[in-house]
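These protein sequence lines are chains H and P, in that order. Our numbering applies: residue 1 is where the first sequence begins, and numbers increase by one. Our numbering applies: residue 1 is where the second sequence begins, and numbers increase by one.
Calculated directly from the structure, the hints in this document are not laboratory data. Just so we're clear, the structure is a prediction, and the values are computed from it rather than from any experiment. Just so it is clear, CB atoms sit at the ideal spot from N, CA and C, and this is done for glycine as well. Do not take every clue at face value.
Partial selection, computed: residues in chain P whose CB lies under 10 Å from chain H [stated by the list, open to error]:
| no. | residue |
| --- | --- |
| 1 | 7 |
| 2 | 10 |
| 3 | 27 |
| 4 | 78 |
| 5 | 80 |
| 6 | 85 |
| 7 | 86 |
| 8 | 87 |
| 9 | 88 |
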Amino acid sequence: MIRIVYAPQWFYGIDTIIESFSFLTALLIAYYAYKFYKFSFERKYKYFSLSFLALALGSLAKIAMNFTVYYPYIIKEQIGALNIDITGINKAMFYVIGFDAHRILMLFGLAGIYILLSKSKLKSQLILFTYFILLAALFSNNSYFIFYITMALFLGYIVFFYYKNYTLNPKNNKLILVALAFFMIFIAQLCFLTIFCWEHLYAIGGFFQLVGYIMLLYSYVSLVLPTRK
Amino acid sequence: MNMRRTKMDIIGDMLISIQNKGGKIKPTHLMYKANLSHKLLNTYLDELVSKEMVSEIQKGPSKYLIITEKGVVFLSEFRKMKEFQDAFGL
């Protein structure tokens with residue numbers, strides 16, 4: 001049987017708040033990057049915006065799934081004199097669509113950022129990436145760790161590229177902040193990966209994810225605020 | 001770093017050069033400040049003038065280029081974009 005809920009019971013709802021925060025932060029960054037794409041028509045801003053949009057939608061899918069799993073509600077359909085309870089059908093449907101959408105979107109988002117930072121040709125890697133992302137997302141229902149390993153791998157490379165960039169521009173403090181933000185999200189994946197040892201690691205991972213997104217939001221705010229002087 | 005400049009980078013460099021000179025510059029000075037060839041300077045200048053970001057004035061025997069309000073707004077947005085690019089390592 002597939003285990004749906006990994007979070008400890010006291011963490012129910014808190015993870016949804018963290019995911020909502022992640023959703024809003026990613027959406028703000030996606031919008032800001034899109035604004036610069038419309039301004040310059042440089043493709044890197046478009047792909048960066050689409051990558052963060054994918055991360056935002058991935059978080060949204062998880063929020064929707066959390067609501068269905070944590071707070072089941074009874075839906076009764078009346079067909080003539082018959083009352084049919086369709087809660088079970090809805091729950092299974094939300095689980096499949098929500099989890100798969102969450103995994104696919106998160107992996108596409110991180111792959112987009114990875115390709116942009118590695119400065120490699122997007123077209124030549126797109127088919128290969130799509131194949132591995134779909135493989136990791138759709139066939140990890142029974143082996144959840146495949147998804148988290150793939151996430152950790154992408155994030156590890158992203159942190160590495162940011163660190164490499166920072167060593168080339170050591171005065172760029174904002175770069176190290178973004179690198180640390182992704183490092184926190186990387187640590188979160190390692191925690192999610194090891195929840196079979198101790199279920200509270202799910203909550204610790206959630207905390208790291210929150211810290212990572214707070215740092216990303218801080219980077220975003222520090223870019224937006226000076227313009228309002 | 002010998003990264004090739006994009007069109008936006010060149011336009012940004014031109015406007016920054018004009019602004020750093022107090023909003024007014026001679027075309028030859030702009031050519032050197034923005035590190036452009038004569039041909040490229042004219043190409044980009046035509047575009048900037050047609051988009052009303054730069055205007056040309058004649059002062060005595062010399063021609064001057066002036067950054068317009070539209071150019072200043074563009075430059076402000078360009079700087080924000082560069083900050084974003086630096087912060088996110090793009």
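So, going through the hints one by one against the coordinates:
Given the 10 Å rule on beta carbons, the hint for residue 7 of chain P holds: about 9 Å separates it from the nearest Cβ of chain H. For residue 10 of chain P, the interface hint is violated, the least distance from its beta-carbon to any beta-carbon of chain H being 12 Å, above 10 Å. Proximity of residue 27 of chain P to chain H is violated relative to the hint, the smallest CB-CB distance being about 25 Å (cut-off 10 Å). Below 10 Å, beta-carbon pairs count as interface contacts, and residue 78 of chain P has one with chain H at about 8 Å; its hint therefore holds.
Nearest Cβ of chain H to the Cβ of residue 80 of chain P: about 6 Å, under the 10 Å cut. The hint holds. Of the supplied interface hints, the one on residue 85 of chain P holds, with its beta-carbon coming within about 8 Å of a beta-carbon of chain H, less than 10 Å. Interface hint status for residue 86 of chain P: upheld, as the beta-carbon distance to the closest one in chain H is roughly 6 Å, under 10 Å. The closest approach between the C-beta of residue 87 of chain P and any C-beta of chain H is roughly 4 Å, which is under the 10 Å cut-off, so the hint is satisfied.
Below 10 Å, beta-carbon pairs count as interface contacts, and residue 88 of chain P has one with chain H at about 6 Å; its hint therefore holds.
The structure is inconsistent with the numbered hints 2 and 3, although it conforms to all the rest.
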